[in-house]
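S.K.: Residue strings, one per chain:
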Amino acid sequence: MAVPDKAGVVRRRQDAAAAPEPATLDVSNATRRQHPIRWLAGILVAVLLAQLINMLVTNDNFGWSVVAQWFTAESIMRGLGVTLVLTVIAMVIGIVLGVLLAVCRISGNPLLRAAAGAYIWFFRGTPTLVQLIFFYNLSALLPRISFGIPFGPEFVAFDTNTVITPLLAAILGLGLNEGAYMAEIVRGGLLSVDHGQREAGQALGMTDRRIMKRVILPQAMRFIVPPTGNQVISMVKATALVSVIALSDLLYTAQSIYNRTFETIPLLLVAVIWYLVVTSVLYFGQSFIERHYARGDRQQPSSFWDFLRIRPKRNAFPAVTEGPST
Amino acid sequence: MTQQPATAPAPVLSARGVRKSFGHVEVLRGIDLDVEAGETVVILGPSGSGKSTFLRCINLLESLYGGRILVDGRDVGFEVRGDRLHELAPDEIARRRRDIGMVFQQFNLFPHMTAFENIIEAPVGVKGEKRAEATERARALLAQVGLSGREDAYPRQLSGGQQQRVAIARALAMRPKLMLFDEPTSALDPELVGEVLQTMKQLASQGLTMVVVTHEISFAREAADRVVFMDGGLVVEEGKPEDVIDNPRHERTRSFLARFL
Ligand SMILES: Nc1ncnc2c1ncn2[C@@H]1O[C@H](COP(=O)(O)OP(=O)(O)OP(=O)(O)O)[C@@H](O)[C@H]1O
Ligand SMILES: [Mg+2]
Numbered sequence: 000m001a002v003p004d005k006a007g008v009v010r011r012r013q014d015a016a017a018a019p020e021p022a023t024l025d026v027s028n029a030t031r032r033q034h035p036i037r038w039l040a041g042i043l044v045a046v047l048l049a050q051l052i053n054m055l056v057t058n059d060n061f062g063w064s065v066v067a068q069w070f071t072a073e074s075i076m077r078g079l080g081v082t083l084v085l086t087v088i089a090m091v092i093g094i095v096l097g098v099l100l101a102v103c104r105i106s107g108n109p110l111l112r113a114a115a116g117a118y119i120w121f122f123r124g125t126p127t128l129v130q131l132i133f134f135y136n137l138s139a140l141l142p143r144i145s146f147g148i149p150f151g152p153e154f155v156a157f158d159t160n161t162v163i164t165p166l167l168a169a170i171l172g173l174g175l176n177e178g179a180y181m182a183e184i185v186r187g188g189l190l191s192v193d194h195g196q197r198e199a200g201q202a203l204g205m206t207d208r209r210i211m212k213r214v215i216l217p218q219a220m221r222f223i224v225p226p227t228g229n230q231v232i233s234m235v236k237a238t239a240l241v242s243v244i245a246l247s248d249l250l251y252t253a254q255s256i257y258n259r260t261f262e263t264i265p266l267l268l269v270a271v272i273w274y275l276v277v278t279s280v281l282y283f284g285q286s287f288i289e290r291h292y293a294r295g296d297r298q299q300p301s302s303f304w305d306f307l308r309i310r311p312k313r314n315a316f317p318a319v320t321e322g323p324s325t
Numbered sequence: 000m001t002q003q004p005a006t007a008p009a010p011v012l013s014a015r016g017v018r019k020s021f022g023h024v025e026v027l028r029g030i031d032l033d034v035e036a037g038e039t040v041v042i043l044g045p046s047g048s049g050k051s052t053f054l055r056c057i058n059l060l061e062s063l064y065g066g067r068i069l070v071d072g073r074d075v076g077f078e079v080r081g082d083r084l085h086e087l088a089p090d091e092i093a094r095r096r097r098d099i100g101m102v103f104q105q106f107n108l109f110p111h112m113t114a115f116e117n118i119i120e121a122p123v124g125v126k127g128e129k130r131a132e133a134t135e136r137a138r139a140l141l142a143q144v145g146l147s148g149r150e151d152a153y154p155r156q157l158s159g160g161q162q163q164r165v166a167i168a169r170a171l172a173m174r175p176k177l178m179l180f181d182e183p184t185s186a187l188d189p190e191l192v193g194e195v196l197q198t199m200k201q202l203a204s205q206g207l208t209m210v211v212v213t214h215e216i217s218f219a220r221e222a223a224d225r226v227v228f229m230d231g232g233l234v235v236e237e238g239k240p241e242d243v244i245d246n247p248r249h250e251r252t253r254s255f256l257a258r259f260l
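For the record, the sequence lines run as chains D and L.
With numbering that gives the first Met the number 0, the residue at position 66 of the first sequence is 65, and numbering never jumps.
With numbering that gives the first Met the number 0, the residue at position 200 of the second sequence is 199, and numbering never jumps.
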């Protein structure tokens with residue numbers, strides 16, 4: 000049985016056999032490795048957490064009763080409303096503009112490509128805060144805004160100061176800025192779709208518009224939605240910038256209250272908690288939309304629950320049953 | 000314009016002096032090819048000889064630089080006005096492409112749609128066929144390519160051979176007058192090649208007009224009415240499969256075929 004040149008192997012086997020092995024050896028009941036560092040880190044975090052909670056409860060400077068008093072006050076609710084409306088409008092403008100700019104960026108027309116590129120360069124290259132202040136002070140640059148034939152007669156004209164309210168300045172500042180970022184996200188998504196998809200659509204006689212709508216965009220969505228979700232969440236927070244142009248958003252409202260009552264920390268906490276509530280809800284929604292766009296893909300993104308580890312990770316594609324094979 | 004006599008129907012495909020270059024490289028140097036209704040023509044040729052490029056010129060996925068291609072008697076990308084050809088608008092070109100089906104080496108199924116949705120997408124969305132009608136036909140086509148019951152499978156849940164058969168069904172759903180196959184089995188594992196070739200042989204015997212680029216000599220021998228050998232952007236020789244494959248007249252054809260013996 001023992002082959003001469005495998006003698007070494009055979010001998011080792013015999014050595015192993017010398018120490019009798021119980022038949023119960025099985026990885027399923029092996030002793031698991033201990034993780035002392037993990038335990039240590041866990042204890043450290045628990046201590047810090049306890050300290051934090053202790054401070055939150057015992058430090059009167061937080062003024063929780065004041066927080067509770069103002070949390071659902073009408074003025075705060077109105078400020079929250081402004082923040083939400085501003086987020087939605089600026090994002091809608093940003094997404095529509097972003098898709099248009101992205102399509103221009105990959106179009107065959109070099110003039111459109113250059114124009115879109117210049118737009119993106121400018122709006123990504125300057126701070127949002129500066130853009131907001133700029134739009135707010137637009138009247139200093141253009142006292143009158145008019146619509147008409149270029150270099151020809153005007154149809155309507157406005158006094159800039161009456162048109163550009165703080166709200167409009169905020170919408171323009173945030174929306175136009177967002178368009179530049181969305182354009183890059185959408186472009187990345189469109190380019191990530193295999194070129195063969197477009198050709199398959201063309202070969203079937205689909206028009207370019209239809210190919211974009213039915214073939215490219217739905218596939219690009221998988222790459223567009225996650226970063227867009229992040230953009231929405233960033234936008235919620237970016238709206239706080241508009242307090243510098245005296246628009247009564249959540250932060251500005253909180254500020255104007257503590258300017259009167261000097262309850263600075265409690266009112267900032269009111270704002271912080273509301274921002275957290277809104278962004279948490281958005282994060283929740285994002286995970287559902289991501290799952291929707293992962294159809295046909297084997298690797299589905301993890302759900303919100305998976306993220307929180309409330310449920311164990313499930314197998315991807317549990318719902319699909321194999322059809323009868325032919 | 001020369002008028003075809005009514006008795007001899009115009010060929011489904013008629014290519015005359017087709018030229019194409021990428022930059023300074025002339026890839027097609029004057030291709031002539033006629034394909035009659037119901038004919039299956041197999042194009043053979045070494046890598047880089049311009050087979051794919053020629054096929055893609057037929058449905059205008061590539062624009063040709065010279066010559067002319069008529070499908071079912073008319074240009075895909077141009078319109079005759081007076082004594083000149085005028086380039087058509089993109090949407091009109093899209094409309095004319097509907098009559099030409101194409102099957103790609105990489106299948107190019109729409110991964111976000113099920114097999115069924117892949118098949119009805121163009122008939123319903125492009126041709127405006129009724130959904131019920133298209134559904135009926137999609138089922139029949141899936142049965143024809145041996146995939147009944149797999150309507151709801153997404154492409155990634157299908158094997159390569161199954162995907163390619165869905166792609167064939169998708170192209171057939173448009174009731175094309177001409178089908179183009181660009182190396183439909185080259186991306187497949189060897190054991191899956193047979194099922195796709197079987198489907199194609201069946202289509203050939205049912206009288207579909209097909210132009211097939213392939214390296215499967217056995218398919219050419221069994222299913223082709225005519226074999227065309229291309230090299231260096233030119234048709235070197237063409238004829239019945241037994242003549243071109245077994246008794247090639249040109250040295251280049253001989254040395255190419257020698258690799259398959
Ligand atoms: N989009 C392109 N840009 C530049 N060159 C190209 C392009 N497409 C094809 N070519 C060149 O044209 C030549 C012919 O290519 P083609 O794909 O038509 O060959 P083929 O006969 O189909 O070869 P294969 O058997 O490898 O598929 C090759 O030299 C290729 O490099
Ligand atoms: Mg090729």
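If you're looking for bench data, these hints aren't it; they were derived computationally from the structure.
Check the hints yourself; a few may be wrong.
Claimed, not checked - Pairs of lysine to any residue residues, derived as SDA-like cross-links and limited to a Cα-Cα distance of at most 25 Å, are as follows:
1. L:176 to D:206
2. D:236 to D:190
3. L:176 to D:210
4. D:212 to L:200
5. L:176 to D:217
6. D:212 to L:258
7. D:212 to D:141
8. L:129 to D:210
9. D:212 to L:36
10. L:129 to D:209
11. D:212 to D:236
12. D:212 to L:33
13. D:236 to D:194
14. L:176 to D:196
15. D:212 to L:194
16. D:212 to L:61
17. L:129 to D:236
18. D:212 to L:239
19. L:126 to L:142
20. L:176 to L:194
21. L:129 to D:206
22. L:176 to L:190
23. D:212 to D:62
24. L:126 to D:171
25. L:239 to L:88
26. L:126 to D:36
27. L:126 to D:62
28. L:200 to L:142
29. D:236 to D:42
30. L:126 to D:213
31. L:129 to D:59
32. L:126 to L:197
33. L:126 to D:41
34. L:239 to L:132
These figures come from a predicted structure and were not determined experimentally.
S.K.: Among the hints numbered above, which are violated by the structure, and what are their numbers in rising order?
M.R.: Numbers 2, 4, 5, 6, 7, 9, 11, 12, 13, 15, 17, 18, 22, 23, 24, 25, 26, 27, 29, 31, 32, 33 and 34 - these are the hints that the structure violates, sorted from lowest upward.
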